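Peer 1: Chain by chain, the residues run as shown.
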Amino acid sequence: MSTATIYNEEELVLLLKQQSREGFNYLYRQYGAVLYGVINKVVYDEQTAQDVLQDVFVKIWNNIDQYNPQKGRLYTWMINIARNASIDKLRSKGEIMKGKIRTGDDIVNNVQGMKSEQATDTIGLQKMVAGLKPEYETIITLAYFKGYTLDEISKTLEIPLGTVKTRMRSAIKQLREIFNN
Amino acid sequence: MNTREYIESGILEAYALGALSQQEAAQVAADVAMYPELRTELDAIENAMQAFTATFAKELPTGLDNKIWGALSYASANKGDVKSEPKVIPFTPEYRKPVRWQYAALWIGLVGSIATNVILWNRNSSDDAEKTALNYRMDKLQSEQKQLADLVSNYEKNKVMMADTGMQTIVMHTMQPGHPMAATLYWSKAKSEAYVNVDGLPQPPKGMQYQLWVMQDGKPVDMGVLPNNMASTPAMQKVNMSVTSGQAFAISLEKEGGSPTPTMQQIYVMGKV
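Read top to bottom, the protein sequences are chains E and U. Count along the first sequence from 1, then add 29; that gives the number in our numbering. Count along the second sequence from 1, then add 14; that gives the number in our numbering.
The following block holds chain E by itself, in its conformation from the complex (with noise of 0.2 Å):
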């Protein structure tokens, strides 16, 4: 047994549907911290978020027999898994009801609020995606950390709903960008 191995997911998969600690192990150190750096991006206090984190543990651990590789990859099924519990959190605690009495520049405000604050962390990439266009950092927000519909986008931000497509499609565009350099 050694601490470098590295599974595929399809090995990860098999691996954690015998429910070992040893999955776990690999499952929390490989994945772990990113996906409690995007439950942070939704909830903001850490205590919560460790919570949320506990529940998207338990709920890839019960559910991982449910995972269908064919639908997409194991990543993106789990940074789904907490994206929805800490969004499904976020509304309990009724502050994306708050959210949306406020303005459409308030929730930018806010959106630009984070980005500065996440421009203090040093490492190289998130510099380059700290790059990325406002508007576009914008959309991304509300759409995959706070779980905002398109028309709920397109109300907000009080422009079409064709336009709200195609800047996912710009924002995304610029992200391909950035990371394939």
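If you're looking for bench data, these hints aren't it; they were derived computationally from the structure. For clarity, every value in this text was computed on a predicted model and none was experimentally measured. Possibly wrong hints are sitting among the right ones.
[To be verified] Partial list, derived from the structure: chain E residues whose beta carbon lies under 8 Å from chain U:
#1 R50
#2 A62
#3 G66
#4 Q83
#5 V87
#6 Q99
#7 T105
#8 V158
#9 A172
#10 L179
#11 I182
#12 L204
[Unchecked claim] Straight-line C-alpha distance at most 20 Å; calculated EDC-like pairs for lysine to aspartate or glutamate:
#13 K202(E) <-> E19(U)
#14 K100(E) <-> E170(U)
#15 K81(U) <-> D74(E)
#16 K72(U) <-> D80(E)
[Said to hold, decoys possible] One-sided excerpt, in silico: chain E residues whose CB lies under 7 Å from chain U:
#17 V63
#18 V67
#19 W90
#20 I108
#21 Y173
#22 K194
#23 R198
#24 R205
#25 F208
From the three backbone atoms N, C-alpha and C, an ideal C-beta is built for every residue, glycine too.
Based on these hints, arrange chain U on the given structure of chain E.
Peer 2: Then chain U, alone, in the frame of chain E:
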């Protein structure tokens, strides 16, 4: 389908960002399964999202792994049946001659036991009421569980059906201005099979029923009526007749039992193949 236009619309990005409604997302998933170009594009999008989310990785607090492992062990233990071996405790009685206070204790115990029996017997009647209530709750739980199981098997069926790469999806849009409605038809031309979902249609009024039509060379052909309890639910119904050809599908509101030809102003939704 014009996949170029589809890709440029940004709907795959909206899908990857989780911004679509369940129905729209199911549609995109079906499209992606059908067109390899869409699959390739979505893969590239997901690669970018994967790299993007990785930049948010945050150091985990120490000790959290053990805490979560504890929760997982607990969750697993409560999922399966954990049987423990029955413990055998050796018992060797020692006989001693009872003394006077022990007889007294025996009598007190006996009297106490009779009194308790009388009280319990009196209480029995109220227990019966509780039992009825429990039975009722049990029945309710069972019926709820059955409903859930039905729902799951429904989704399971849908999943198998959607995974069929020969399955074509036809979204029928509203024909009634001002009333946003939609229905979806899944058609496997090769198997001449069709499935219909009327999640986006209102409950039909009393005495009325939805009827499905396929347009063949400009003429509507009856495809049967839809059960009323299907409207506004995610239920999927297999169309009873085989569908070999057609240029469009439509659903109209007709009197119960259906009509030989559709009532034109009552066509609710229609979609071209």
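Peer 1: What are the numbers of the hints that this structure violates, sorted from low to high?
Peer 2: Violated hints: none; all satisfied.
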